[in-house]
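Based on the hints, put chain B in the right spot on chain A.
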Amino acid sequence: MLTFTLRRLSLFIFTMLVLTLLSFSLSFLFPGDTVINHSGQINATTEELADINKSYKMDEGIFKQYSAYLSHISEGNLGLSMTSQSPISHEIMALLPATIELSLVALLLAMIIGIPLGFIAAINHNKTSDNVILSLAMFGYSIPVFWLGLLAIMLFSISLGWLPSAGQISLLFEIQFVTGIQFIDILLSDSPYKWQAFSNASAHIILPACVIALAPATIFIRLSRAAMIEVLAASYIRAARAKGLNSKQIIFRHAIRNALIKIIRHVGLQFANLVTIAMVTEVIFSWPGIGRWLIESVYQRDYTAIQSGLLVLSCFIFIIHILTDFIYAALNPLARGNNYGS
Amino acid sequence: MAALTMNYKLSPTLVILAFVSTLFGCNDGDKLSLSERSIIYCSEGSPESFNPQLSTSGTTSDATSKLLYNSLIAYKGKDNTLGPSLAKSWHVTRDGRKITFYLRQDVSFHQTSNFIPTRKLNADDVIFSFNRILNKEHSFHQVSGGHYPFFESVKFADLVEKIEKLNDYTVRFVLRRNNSSFMANLATDYAVILSAEYAQQLVNENSPHEIDTLPVGTGPFILKDYRVGSFIRFYRNDSYWQEKARIEQLVFDISPSKTSRLTKLLAKECDVSSYPIAHKKITERKDLQLESITSLNVGYFGFNTKKPPFDNKLVRQAISLAINKQALIDTVYESQAARAISILPETSWAYDSETPELGYDPVKAKSLLEIAGYAQGFSMDVWAMPVQRAYNPNAVTMAKLIQADLKKVGVKVKIVSYEWSTFLRRLSLGEHQSFLLGWTADHPDPDNFFTPMLSCSAREVGNNRTFWCNKEYDELLQKALKTTNMSQRKKYYAKAMAIINEEMPLLAIAHSKRFQARGTNVKGNILESFGSISFHDVAKTLITDESSPLVDIKNAEQESQ
Numbered sequence: 000m001l002t003f004t005l006r007r008l009s010l011f012i013f014t015m016l017v018l019t020l021l022s023f024s025l026s027f028l029f030p031g032d033t034v035i036n037h038s039g040q041i042n043a044t045t046e047e048l049a050d051i052n053k054s055y056k057m058d059e060g061i062f063k064q065y066s067a068y069l070s071h072i073s074e075g076n077l078g079l080s081m082t083s084q085s086p087i088s089h090e091i092m093a094l095l096p097a098t099i100e101l102s103l104v105a106l107l108l109a110m111i112i113g114i115p116l117g118f119i120a121a122i123n124h125n126k127t128s129d130n131v132i133l134s135l136a137m138f139g140y141s142i143p144v145f146w147l148g149l150l151a152i153m154l155f156s157i158s159l160g161w162l163p164s165a166g167q168i169s170l171l172f173e174i175q176f177v178t179g180i181q182f183i184d185i186l187l188s189d190s191p192y193k194w195q196a197f198s199n200a201s202a203h204i205i206l207p208a209c210v211i212a213l214a215p216a217t218i219f220i221r222l223s224r225a226a227m228i229e230v231l232a233a234s235y236i237r238a239a240r241a242k243g244l245n246s247k248q249i250i251f252r253h254a255i256r257n258a259l260i261k262i263i264r265h266v267g268l269q270f271a272n273l274v275t276i277a278m279v280t281e282v283i284f285s286w287p288g289i290g291r292w293l294i295e296s297v298y299q300r301d302y303t304a305i306q307s308g309l310l311v312l313s314c315f316i317f318i319i320h321i322l323t324d325f326i327y328a329a330l331n332p333l334a335r336g337n338n339y340g341s
Numbered sequence: 000m001a002a003l004t005m006n007y008k009l010s011p012t013l014v015i016l017a018f019v020s021t022l023f024g025c026n027d028g029d030k031l032s033l034s035e036r037s038i039i040y041c042s043e044g045s046p047e048s049f050n051p052q053l054s055t056s057g058t059t060s061d062a063t064s065k066l067l068y069n070s071l072i073a074y075k076g077k078d079n080t081l082g083p084s085l086a087k088s089w090h091v092t093r094d095g096r097k098i099t100f101y102l103r104q105d106v107s108f109h110q111t112s113n114f115i116p117t118r119k120l121n122a123d124d125v126i127f128s129f130n131r132i133l134n135k136e137h138s139f140h141q142v143s144g145g146h147y148p149f150f151e152s153v154k155f156a157d158l159v160e161k162i163e164k165l166n167d168y169t170v171r172f173v174l175r176r177n178n179s180s181f182m183a184n185l186a187t188d189y190a191v192i193l194s195a196e197y198a199q200q201l202v203n204e205n206s207p208h209e210i211d212t213l214p215v216g217t218g219p220f221i222l223k224d225y226r227v228g229s230f231i232r233f234y235r236n237d238s239y240w241q242e243k244a245r246i247e248q249l250v251f252d253i254s255p256s257k258t259s260r261l262t263k264l265l266a267k268e269c270d271v272s273s274y275p276i277a278h279k280k281i282t283e284r285k286d287l288q289l290e291s292i293t294s295l296n297v298g299y300f301g302f303n304t305k306k307p308p309f310d311n312k313l314v315r316q317a318i319s320l321a322i323n324k325q326a327l328i329d330t331v332y333e334s335q336a337a338r339a340i341s342i343l344p345e346t347s348w349a350y351d352s353e354t355p356e357l358g359y360d361p362v363k364a365k366s367l368l369e370i371a372g373y374a375q376g377f378s379m380d381v382w383a384m385p386v387q388r389a390y391n392p393n394a395v396t397m398a399k400l401i402q403a404d405l406k407k408v409g410v411k412v413k414i415v416s417y418e419w420s421t422f423l424r425r426l427s428l429g430e431h432q433s434f435l436l437g438w439t440a441d442h443p444d445p446d447n448f449f450t451p452m453l454s455c456s457a458r459e460v461g462n463n464r465t466f467w468c469n470k471e472y473d474e475l476l477q478k479a480l481k482t483t484n485m486s487q488r489k490k491y492y493a494k495a496m497a498i499i500n501e502e503m504p505l506l507a508i509a510h511s512k513r514f515q516a517r518g519t520n521v522k523g524n525i526l527e528s529f530g531s532i533s534f535h536d537v538a539k540t541l542i543t544d545e546s547s548p549l550v551d552i553k554n555a556e557q558e559s560q
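These protein sequences, in sequence, are chains A and B.
With numbering that gives the first Met the number 0 applied, the first sequence covers 0 to 341.
With numbering that gives the first Met the number 0 applied, the second sequence covers 0 to 560.
Bear in mind the hints are in silico, worked out from the structure with no lab data behind them.
Bear in mind that the values here come from a model prediction, so they are computed numbers and not experimental data.
Honestly, I wouldn't trust all of these hints.
[As the list claims (entries may be wrong)] Taking lysine-lysine pairs in the DSBU-like style, the calculated list, with each CA pair at most 30 Å apart, reads:
no.	chain 1	residue 1	chain 2	residue 2
1	B	Lys306	B	Lys243
2	B	Lys494	B	Lys470
3	B	Lys489	B	Lys522
4	B	Lys522	A	Lys193
5	B	Lys243	A	Lys193
6	A	Lys193	B	Lys539
7	B	Lys223	A	Lys193
8	A	Lys193	B	Lys399
9	B	Lys399	B	Lys312
[Claimed, not checked] With beta-carbon atoms standing in for the labels, derived distance ranges:
no.	chain 1	residue 1	chain 2	residue 2	range
10	A	Leu154	B	Asp360	33 to 39 Å
11	A	Trp161	B	Ser334	31 to 37 Å
12	B	Arg424	A	Phe138	37 to 43 Å
13	B	His146	A	Leu150	45 to 51 Å
14	B	Lys406	A	Tyr140	45 to 51 Å
15	B	Thr80	A	Thr45	55 to 61 Å
16	A	Ser201	B	Asp167	52 to 58 Å
17	A	Thr275	B	Lys279	50 to 56 Å
18	A	Leu150	B	Asp360	46 to 52 Å
[Unchecked claim] Below, a sample of chain B positions facing chain A; criterion: calculated Cβ distance under 7 Å:
no.	residue
19	Leu33
20	Pro207
21	Lys263
22	Glu268
Where a beta carbon is used, it is the ideal one built from N, C-alpha and C, also for glycine.
Next up, chain A with everything else stripped away, as it sits in the complex:
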């Protein structure tokens, strides 16, 4: 396990270095002055500009500049947003939790719906229910998310009036920002309308979470179906069957556990996909997350925000990736011993 951890850690460090190198070079590639792109200070006076130049070591070699940039990032200084002139780290800290909340709920939803359906399809391999589930998955996977989002708003918000279409919670509720994850903040708050706020927030998250969950859920269906078919064909299942266990016992005691391990490997990969979908969905549902913020920054040519936002978002996705790898390794001893490849 130690070698495994060390390997992941070194992978993490090197990937982060490459990512910072990319965001560092973006400042040179974007139009405008490099140091202003780094710092985002568009209204700086001549003296302030000289200070910034000094702190980013702009008059020294490119390696010195890069190390100065790295030291700024490691101190949590991501520069100022060019449009709002407030520190980007603050803006990201205020917005990232909302994205994490939405993505996690959607991921959970996708797994809860996708994995059992995939198992059912595998158990009824090549029967009608298998075909129905597979074609539904194919259909769901091919629906574009922006279209689905608008359709969902039209049906559930406007025609039926069941669910709200925009935001994280009704503006009537004042919830103190503590963690940024709305549900936790509501539970921590001392508002007299706590439970009402909780149900309001739940109603708000249903539509966007379902829209995001659709595509990953269909992938989970196909992954879990393939995993289950593979497991069911394995020799230990045949042995169990030969021992006289009935199919219920075989599936619940042996097959599900072993199939799940294969799926967990893919959760990290799917999460990156899910965050991309979440960014588009945040725009449609006016969700106050980092995706919407990043897309707005692109519209407003806020270069500092774009490069820092990309850095933080990819770092976040990478951390989730590594975390799922750890869970996989903890559950599956075979993965830990593998010193080569992967």
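What follows is chain B alone, placed relative to chain A:
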């Protein structure tokens, strides 16, 4: 022992049951009350500041003037007569140059998170509020940029000689000359009263700019929280000097996108929506109501009279003749606007029904162009404003229609549009040839159309982007301001309108109506015939007894039709 285990087993279930029942219990009771006591208003943009003295944008005054502040005097009733507000009465000397205001003595300022007032409103506050604008040496004049666009455009500093404090509750304005629109200017959304005590506290704390970002006023609501581009939260001012507001919380949900405002309205996420689209869809719904008010505004197509070919009067006339106004009104305003004959709306008392209109005549336009020496036509820029306003809901579409109209007389049009603040800045620099813009009156006095839009002085500080300057026209306006005789004033303004329609510095297109949509359970007046919105007497009825008032409203609508 057995009983004991039973108890242990039962208790979690009991706890959960109790928990669930409290959850649902709270839920129902509170839900009605919280949403019933609050209004969510879907507004079209973020205010630039929380001090309406600093801006002429409708979005800013909507979010501030009548909610957070009061002015000395205010317009009352349907015929817009001036009535008391913070000043309970006033007296004007016979020469019209000295105006004395007697203030109410029971008005307190807001108590906010950073300010606790220790005294009531008095003459110092009034003097502070106006001296900040008038006196360039004043310690607060330069805070937030030092520009007071409304007051600059009416030349307030030239008009007011001084403001005197006669005693704690009496203030006298001394004017350099008699000006009949002075009182009207004091009753606008911009002439609000700030707290001098708060200003002093901010000076001591060395953060004077907070006077415009963390406002303290005397109005029916107090600013609680503001997040740029997201929302503004107001609480009711419980110690308001008039009857306090009927709702406890007012939230502005800032939704610049037209479609998202419509979606939120239909999904009941906002109670009231500004500038709604899809009017038919809204009137079809039983639980929604569409209302409109004919505003004192004008949407126009202006020419830069300093740049060729528009320095030639004939070209301006020809282009105006070639534009089919009625088609613009039918398409861009969806027939929800009145055709403009001149810059003054027909609803104004000074409007002269004899004003000649140029009309639509492409043949005559063509011959005028020939006389002017442009028989082969020419190409020109039309600058279309990028935002929607009541006076022009879609300038780009309008520009395209004008493009098609002008093509018929051989004039090629290129449509130009910039982001709003860039657009305004470049217009003021005179980079344009022609432009689509409009004007909304700040008070019902007719001068508010003539002077800010087309006078010579408005070329530098005001909104005269045609750069047109006509001595005769300016003299007529001066004469009209000096007299108090209404019929005499009307004659002067009629002559001024005749000059405009002859010289054609701009082609007035339409006087629009301002639309607003709301749930039928929201009662009370929000829209005023001019100026900003008010939520003072707005209340919400319970959703359960929604059906009966709905019928009443329908009947009322039929009767009025």
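Non-conforming hints, listed in increasing numerical order
The structure breaks hints 1, 3, 8, 10, 12, 17, 20; every other hint is satisfied.
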